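A.B. asks: Below, each chain spelled out in residue letters.
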Amino acid sequence: MGLELYLDLLCQPCRAVYIFAKKIGVPFELRTVEVLKGQHNSDDFAQVNPLRKVPALKDGDFTLAESVAILLYLSRKYEAPDHWYPQDLEACARVDEYLAWQHTALRSSCSLVMWQKMMLPVFLGERVPPETLASTLAELDRCLQLLEDKFLKDDDFLTGPCISVADLVAITELMHPVSAGYHVFKTRPKLAAWRQRVEAAVGEDLFQEAHEVVMKAKDLPPVDTAMKDKLKPLVQVLL
Amino acid sequence: MGLELYLDLLSQPCRAVYLFAKKNGIPFELRTVELLKGQHVSKGFLPASSPQKVPVLKDGDFVLHQSVAILIYLSCKYQTADHWYPPGLQTRARIHEYLGWHADFIRGTFGVCLWTKVLAPLIGVQVPEEKVRRNRAAVDRALQLLEDQFLGDKAFLASQRVTLADLMALEELMQVVALGYDVFEGRPRLAAWRGRVEAVLGADLCQETHGPILNILEQMANKQLPPPPPEAHPSMLLRISRIP
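One line per chain: the protein sequences are A and B, in this order.
The numbers in the working numbering rise by one with no breaks, and the one at position 67 of the first sequence is 67.
The numbers in the working numbering rise by one with no breaks, and the one at position 169 of the second sequence is 169.
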């Protein structure tokens, strides 16, 4: 059995892993794990990742969780072109810096916007107080401003002149609020231009393919009561 | 001007960077940025156009944020002993796997206690009891996962030798300990792990690094802590509002 990638393309980090693996030509079996159907809680999946989260990788006996770990593992093992995760000390540090920042900043904003603007009301029938959504959107805005001012600046990509894993992680995050109808790129031409460059570098077809599931999320049917009860603790956290 | 590290030892990631640099004999100028005095939001304390956070590294013209990035940079530039950030594909992946989980479940969560017991009260804010309880439950859940999923039967979190992951974790746990909850009591495996990490670092270095945070509650009780200046309040209030 070759390399297996356990992914739910509804999730941002899974999309980053998917795009990267496809782009650099990693031969892998895609194992889809549908989180909204609770598939990540199965005993089978727990064998791959006891923490029951996606993305997860299985390479022979070696299992690995966490998207950054997976991206860097794939990059090294499959000898991705240097620009994805550079050898140069300072260039690499810039990518590490972005990957660390996004984890505690952009990531949670983008998730919250997706859930509060769309998933909670549409999928779970939960009312989200307007003040809560407004505060979440304000936080996202702050993160986007930092993304533009501190990371992108006047470069073509987030960490310099070439695309890196940082850009994949960022673009897949930003597509989350976009899929919920919050168009982060419309009011930010600098970010919109960066998006075009990332899509061009990745390839339009691959980019669309990776985002097909999340872009259709708004058409998901409302969940049944049993599932709703199961997801109740999650709702608490997301409000 | 050589390497400069902008740190406040009250901050967990700053301590991880400090421990690493000192243990490895990396020559640097310590630039102390006192968070309690709001120096991170005042002009002149941090390198120009820095986000108002520590730690920050400045190496000539190169300015770097985020403790993980700084640790990796230092380990590569100063070619520290391999075990800190091993070159092996799988071991290195384990470190990043830990750090990814740490960013979600440890970072942030373990920092709340300083806010609830010291920083919020210093600006006259009381964090609701419900949030304090929720945070404590989150800390306990994280500790269980830390022990079972990451440490397991190993000597250290990502391998059989100490790595960057252990430094990051230790300092978060020490934050909670310093603020009055001894997470090592009743958790012999974690306590043994702590002992091993501190043995590598050395008692003197640990004492020096942990001194300020271990004294914080006493200083609070003796009213020895300066109230943070008004310009620091907005960012503090924002942080407090984000406590789940």
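These aren't lab readings, by the way, just hints derived from the structure by calculation.
Here the structure is a predicted model, which means the values were calculated and not measured.
Check the hints yourself; a few may be wrong.
[Stated by the list, open to error] When the alpha-carbon atoms are kept at most 27 Å apart in a straight line, the in silico DSS-like pairs for lysine-lysine are as follows:
#1 A:K150 <-> B:K77
#2 B:K131 <-> A:K150
#3 A:K153 <-> B:K37
#4 B:K117 <-> B:K131
#5 A:K216 <-> A:K232
#6 B:K23 <-> B:K43
#7 B:K22 <-> B:K37
#8 B:K154 <-> B:K53
#9 B:K117 <-> A:K150
#10 A:K190 <-> B:K53
#11 A:K153 <-> B:K131
A.B. asks: Against this structure, judge whether each hint is valid.
C.D. replies: Right, here's what the structure says about each hint:
A hinted pair counts as satisfied when its Cα atoms are at most 27 Å apart, and K150 of chain A with K77 of chain B qualifies at roughly 24 Å. Restraint check for K131 of chain B and K150 of chain A: not satisfied, since their Cα atoms lie roughly 32 Å apart, outside the 27 Å limit. Taken as a hint, the K153 of chain A and K37 of chain B pair is broken in the structure, with Cα atoms around 30 Å apart against an allowance of 27 Å. Of the pairs offered as hints, the one joining K117 of chain B and K131 of chain B holds, with about 12 Å between alpha carbons and a cut-off of 27 Å not exceeded.
With a CA separation close to 23 Å, the supplied pair K216 of chain A and K232 of chain A stays within the 27 Å bound. Taking the CA atoms of K23 of chain B and K43 of chain B, the gap is near 31 Å; set against the 27 Å cutoff, the hint is violated. As the CA atoms of K22 of chain B and K37 of chain B are separated by approximately 25 Å, the hinted pair is consistent with the 27 Å bound. Restraint check: the Cα-Cα separation between K154 of chain B and K53 of chain B comes to about 34 Å, which exceeds 27 Å; the hinted pair is violated.
The straight-line distance between the Cα atoms of K117 of chain B and K150 of chain A is roughly 32 Å, outside the 27 Å bound, and the hint therefore fails. In summary, the hint linking K190 of chain A to K53 of chain B is supported, as the alpha carbons are separated by about 25 Å, within the 27 Å threshold. Restraint check: the Cα-Cα separation between K153 of chain A and K131 of chain B comes to about 38 Å, which exceeds 27 Å; the hinted pair is violated.
Violated hints, listed in ascending order, are 2, 3, 6, 8, 9 and 11; each of the other numbered hints is respected by the structure.
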